[in-house]
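Assemble the complex: chain A is given as a structure, and chain B must be docked to it using the hints.
There are 2 protein chains.
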Amino acid sequence: MNPQKIPDIIIGRLPVYLRSLQHMAEKGISTTSSKELGESVGISAAQIRKDISQFGEFGKQGTGYSIHFLIKKLNEILKVDRVWDVALVGAGDIGHALAHYQGFFNCGFKITMVFDNDPAKIGEQIGDFEIFDAANMVEIIQTTGIKVAMLTVPASEAQAVADKLVESGIKAILNYAPISLNAPPDVHVQHIDPVVHLQRMTYYLD
Amino acid sequence: MNPQKIPDIIIGRLPVYLRSLQHMAEKGISTTSSKELGESVGISAAQIRKDISQFGEFGKQGTGYSIHFLIKKLNEILKVDRVWDVALVGAGDIGHALAHYQGFFNCGFKITMVFDNDPAKIGEQIGDFEIFDAANMVEIIQTTGIKVAMLTVPASEAQAVADKLVESGIKAILNYAPISLNAPPDVHVQHIDPVVHLQRMTYYLD
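Here the protein sequences come in this chain order: A and B.
Just so we're aligned, residue 27 is where the first sequence starts under the numbering used here, counting upward by one.
Just so we're aligned, residue 27 is where the second sequence starts under the numbering used here, counting upward by one.
No lab work stands behind these hints: they were computed from the structure.
These numbers were taken from a predicted model, which means no experiment stands behind them.
Treat the hints with care, as some may be off.
Because identical chains cannot be distinguished in the list, a pair is counted as satisfied if it fits within a single copy or across any two copies.
[Claimed, not checked] Keeping only pairs whose Cα atoms sit at most 20 Å apart, straight-line, the calculated SDA-like set for lysine to any residue is:
(1) Lys99 - Ala209
(2) Lys136 - Asp119
(3) Lys136 - Tyr229
(4) Lys190 - Leu231
(5) Lys99 - Arg39
(6) Lys31 - Gln73
(7) Lys61 - Ser206
(8) Lys105 - Asp212
(9) Lys76 - Pro33
Bound-form chain A, shown alone:
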């Protein structure tokens, strides 16, 4: 299985399938069909079968998918059968929300450190964490070998901080600042931008 060969658009749909399957599992459901899964995520059954079949034969004609088995396989494929330590950079409103966010549990991620450059915040507690001085960020991340970061600093600072994260050895950045970040090809960047989601919906409104 060569990661290069699977289009990124398919990879992007797998976490959505996984989330829906986990909700089904929480409700005590043990099997599902591509039709049922498709209806829950708004994607056609044919597309779901095609996407999942890229990775092997995980379903059976007539009986559908074992939810437990498919969750296990998707966790392996997405490499969240382990827990990734995450550095949170920026202890503002969004940083606080993420530090308290319940949705990371059991999904492969755990915030393990928080940085800010505001002297009034450094040394304070945010959830279970002491806020560290961003001036020490590169050294601390290099020492711990953390690969994943969430960036919740103001837009004006985001690129400079992202450059430091790259220097630290971070390979995946989830960016909440409303700007596009430049990063080397081996560093993955995803944006959380409410505007993109809102505009996708207004298209359909009168």
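Chain B alone, transformed into the frame defined by chain A:
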């Protein structure tokens, strides 16, 4: 132009193109190519040409796209050539972050009211807004005719609040709670879920 005929996956990419074009415009750039735009958003030039051509002939062979013209057209297509009033429900950390978010400016959205059910928060100020009692939400939204809402309440309350938003006449819900919401077919729901974005990146990590 019939909205039913354009696949939703294409609609979902248009706001990403628009954001990138706006960044180019802010830098004073006046024309771009599908290649350049594609590199900035991580999508192939061919896909971008195909997506945009669904709506008309907006580029010229050899000279590319006028950024100003393409922004204007995308604004029209996505119906953000106007400003949509937005109701924010939930005045917690994420609610505070959204109330102060600078990224909505010039993108078609303006938060105009905030609701919460916490007696300690009702009547307080959040940014420019007084927090209203969620008990009055249905009536207020019906009266004002607002169609777009952002939902930042705890997961345990999200479905019940979403049901009330639907009752209020809301047609587009941006959901920050880590659960899938059920809504009628004429109500559009988008999820903001950091886990989905993080898992899309860990696939590529060692």
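- Can you name, in rising order, the numbers of the hints this structure does not satisfy? 1
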